[in-house]
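Visitor: Sequence:
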Amino acid sequence: MSDGGTDMTTITLDDLRRIMRESAGADESVDLDGDIAAVPFEDLGYDSLALLEMSAVVRQEFDVVVPDGALEHSKTPQDAVDLINQLVAAR
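Counting the sequence shown from 1 gives a position; the working numbering is that position plus 687.
You may find that some hints are simply not true.
Distance windows between CB atoms, simulated [claimed, not checked]: (1) A757 / T699: 14 to 24 Å; (2) L739 / D769: 12 to 22 Å; (3) L739 / L719: 29 to 39 Å; (4) Q773 / D701: 11 to 21 Å; (5) D769 / A743: 12 to 22 Å; (6) E715 / V752: 27 to 37 Å; (7) S716 / R778: 28 to 38 Å.
Straight-line C-alpha distance at most 25 Å; calculated SDA-like pairs for lysine to any residue [stated by the list, open to error]: (8) K762 / G732; (9) K762 / L736; (10) K762 / D701; (11) K762 / S710; (12) K762 / V717; (13) K762 / E715; (14) K762 / A724; (15) K762 / L774; (16) K762 / A725; (17) K762 / R778; (18) K762 / A743; (19) K762 / D734; (20) K762 / I723; (21) K762 / L739; (22) K762 / R704.
I should point out that these hints are in silico values taken from the structure, not numbers from a laboratory. We put the CB at the ideal spot given by N, CA and C, even for glycine.
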């Protein structure tokens, strides 16, 4: 897992899992420790506001701007990881 520094070149699913917990909390009935890569954000209890909060944390920790609404188009955590890594690579 990352140290949250801005020298990171990629974000991992574990990084995103931590960000999900920190930015919007976690529904106690949802197991974020399991295999969530392909689970829709909606099924994890994360709505558009939660994804917006995640974008802000990604910006702060990874020094990458996620365009408004971009994470909302990500259906799953793996989609979000892929999108963020594309943005990091394009910096």
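Visitor: Among all the numbered hints in the text so far, which are the ones the structure does not match?
Guide: Violated hint (a single one): 3; every other hint is consistent with the structure.
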